[in-house]
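My request is simple: use the sequences and hints to build the entire structure.
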Amino acid sequence: MRTISARLCFPLVLGFLMIGMPGCSKKAVQSGGDTQSSQQGMGKASDGMNASASDGSRSGPSTNFPDTSLSGRDASNGLRGLDKNPSEERIGGGGTLLAKADPGSAGRQLEEIRAEQTASAAAGLRDVFFAYDSFSISEEGRQALARDVDWVRANPSAQLKIEGHCDERGTSAYNLVLGEKRAKAVRNYLVELGVGANRLGVVSYGKERPFCNEHAESCYSQNRRGHVVVKTGK
Amino acid sequence: MTFRTAAFISVCTTLLLIWILESGAADVFLEATRPDFQKIPLGVAGIQNNGGPDWLGGRIEEVLKADVRRSLVFSLVDLPSVGIKVSDLGPGPDPAFKQAGEHGVSVIVWGKASMKSSEKDKDSDIHMDGFVYDAGSDEVVGGKRYVGSSSVARLMAHRFADELVFRYTGEPGIARTKVAYVSEQGSARELFVMDYDGYDARQLTADGFLNLMPRWSPDRRFLVFTAYRNRNTQDIDMIELATGKRWTIVSLGGLNITPALSPDGNFLAFASSYEGNSELYRLDTRTKAMQRLTTNASGDLSPSWSPSGRELAFTSDRSGGPQVFLMSGDGSNVRRLTFEGDYNAAPAWSPRGNWIAYVCRTPKKEYKLCVITPDGQKRVQLTMGPGVDDSPSWSPDGRHIVFSSTADGKSQIYMINADGKDLERITFTGTHNSAPTWSPAS
Chain A
1 MRTISARLCF PLVLGFLMIG MPGCSKKAVQ SGGDTQSSQQ GMGKASDGMN ASASDGSRSG
61 PSTNFPDTSL SGRDASNGLR GLDKNPSEER IGGGGTLLAK ADPGSAGRQL EEIRAEQTAS
121 AAAGLRDVFF AYDSFSISEE GRQALARDVD WVRANPSAQL KIEGHCDERG TSAYNLVLGE
181 KRAKAVRNYL VELGVGANRL GVVSYGKERP FCNEHAESCY SQNRRGHVVV KTGK
Chain B
1001 MTFRTAAFIS VCTTLLLIWI LESGAADVFL EATRPDFQKI PLGVAGIQNN GGPDWLGGRI
1061 EEVLKADVRR SLVFSLVDLP SVGIKVSDLG PGPDPAFKQA GEHGVSVIVW GKASMKSSEK
1121 DKDSDIHMDG FVYDAGSDEV VGGKRYVGSS SVARLMAHRF ADELVFRYTG EPGIARTKVA
1181 YVSEQGSARE LFVMDYDGYD ARQLTADGFL NLMPRWSPDR RFLVFTAYRN RNTQDIDMIE
1241 LATGKRWTIV SLGGLNITPA LSPDGNFLAF ASSYEGNSEL YRLDTRTKAM QRLTTNASGD
1301 LSPSWSPSGR ELAFTSDRSG GPQVFLMSGD GSNVRRLTFE GDYNAAPAWS PRGNWIAYVC
1361 RTPKKEYKLC VITPDGQKRV QLTMGPGVDD SPSWSPDGRH IVFSSTADGK SQIYMINADG
1421 KDLERITFTG THNSAPTWSP AS
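Here the protein sequences line up with chains A and B, keeping their order.
In terms of this note's numbering, the first sequence opens at residue 1 and continues consecutively.
In terms of this note's numbering, the second sequence opens at residue 1001 and continues consecutively.
If you're looking for bench data, these hints aren't it; they were derived computationally from the structure.
Owing to the predicted nature of the structure, the values given are computational and were not obtained by experimental measurement.
No residue lacks a Cβ here, since even glycine has one placed at the ideal position from N, Cα and C.
Among the clues, some could well be false.
Among the chain B residues that face chain A by a calculated CB cut under 8 angstroms, a handful are [claimed, not checked]:
(1) R1145
(2) I1257
(3) T1285
(4) E1424
Listed below are the simulated SDA-like cross-link pairs for lysine to any residue, each with C-alpha atoms no more than 20 angstroms apart in a straight line [said to hold, decoys possible]:
(5) K1039(B) with F1166(B)
(6) K1410(B) with K84(A)
(7) K1116(B) with F1166(B)
(8) K1116(B) with S1149(B)
(9) K84(A) with S1149(B)
(10) K1364(B) with K84(A)
Following this line, the structure appears as structure tokens:
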């Protein structure tokens, strides 16, 4: 986490210095940031511009949001038509069209995920499981969360993150919304039990980080989950 | 045929032509997938190897035939089966071609491919000549000469196929289009881009976490997609394909998903939950002004632009389960489109305007592909059987839909014709490939 933040923050700070805007504080947004104004969001959108500018590339808003329209482009779609005496056309490789991905940061990400998993396993926090299509917390779920609250009280400096997960049925997109509803249902119940909302972040992973991969209800029920984890890093 | 029938037909043809011309301004276009569209019979006489590696001619011929078949503009005729045997393929028309014309074959293409014998190492150039014989005029109407490294053999075939489609329809063809998608790498999901036929996959992101639901820019130089910052918050990022350079364009906190650029590139529609629950917003990409399009206590997501850019289809669960709705691009005139079934989501508006594809849940709780007309009058279920189908995306010619499905176990990518025929799997490796999105025509 730290390395990624540093990587992001360095060009951001440079960008801010260049155009005289205040600090890097906006970057440290919590996942439950429901109260931010749209101005802030767009401000961060322009952070991207500054990050690009400080990479030594073009500056200005066009770098942040380039003109992606078709205006001014060759209307013939690159085709030259058949010809009775065709001249030779050189075909460029597909390799010039696409950059090669740099797999550098994947390893760091994996380390951070492991750290989070280790801390959460040590805490012994319990998860909430949901019915098909549902984001309401069952009696069993309430009991699990009541026990989690004991740990939260005993560890007053700990921050929790609630991950909303879904089974593979349904669309990727809608499951992200459903996952967020599940995560927020868990957060709201923990707040009801007296946990400070500022200690609880929510994030939805939809059906993108399943706990198991079989096409069976025994697996689906594992994946319909509000996963309570100890937040490590930022 | 009586004179009266002939007159009737000519009046009908004129009316049809007027309709074609007028409909150019609207969102509905005449399409080659109409049931009465007559495909043009085309035969591939062969791509002869003129001194190159053994695979060369055969590879180009195989790719060309597949492209011709998928164009849906031509019907691929197997020449030997109609009694046409071509012994030697020169630049002039073979005497047998005229005979093929009499058998109803309208177009015959052939060619030769070579790699100079002195440069048989892997990096040397290949040459391809392609010729097109038109039976209507009984002559070779033209050809193409291509040169490039041996790695572009498939691209030569794709390009030649698109030239054929262009020659006979004026459309650019889809053989050079690409599909962006999400592929599982370990526990991460990264963006990839491949040719429309599933070949030549290349990895675009490698940040080790989740990169989801890519969409192309109209000029196909960029993708917009959902990425997770610090694994805790979704942002909408943009990546430039040629350089791999990537930056954040929307970072509001909460869920920021399903970005979609308008066909003119002037607006980015997306869903964000930063004001509480998932709502739709529209960002003016020039002024950076953001407008909220939906206001209710339910989830609104998955915007898809009509080809005119005037309307959006989207998913909303305001009436209980998710359903597909339509609205104007400014958020006005909202109306529900789907009423059959209790789960309809992930709409994709055809580039021809006449259909909206989406994921429909059947009474047996299977998630399949459906298409519906924008007026809701006609609905067709395209896929059947087990497996979760997801993320339909149209080819730029509006004749195919690419989508993901778990029909064969793991999630893989498939394409299907807009009429439900020719289901074809296009990814075969990896543990999970999903969220395909078809590029605009080049």
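Hint check results:
1. R1145: 5 angstroms, holds
2. I1257: Holds, about 5 angstroms.
3. T1285: 5 angstroms, holds
4. E1424: 21 angstroms, violated
5. K1039(B) with F1166(B): The hint holds at about 14 angstroms.
6. K1410(B) with K84(A): Violated: K1410(B) and K84(A) sit about 49 angstroms apart, past 20 angstroms.
7. K1116(B) with F1166(B): 31 angstroms, violated
8. K1116(B) with S1149(B): 12 angstroms, holds
9. K84(A) with S1149(B): 24 angstroms, violated
10. K1364(B) with K84(A): 58 angstroms, violated
In terms of the numbered hints stated before, the structure departs from hints 4, 6, 7, 9, 10, listed from lowest to highest.
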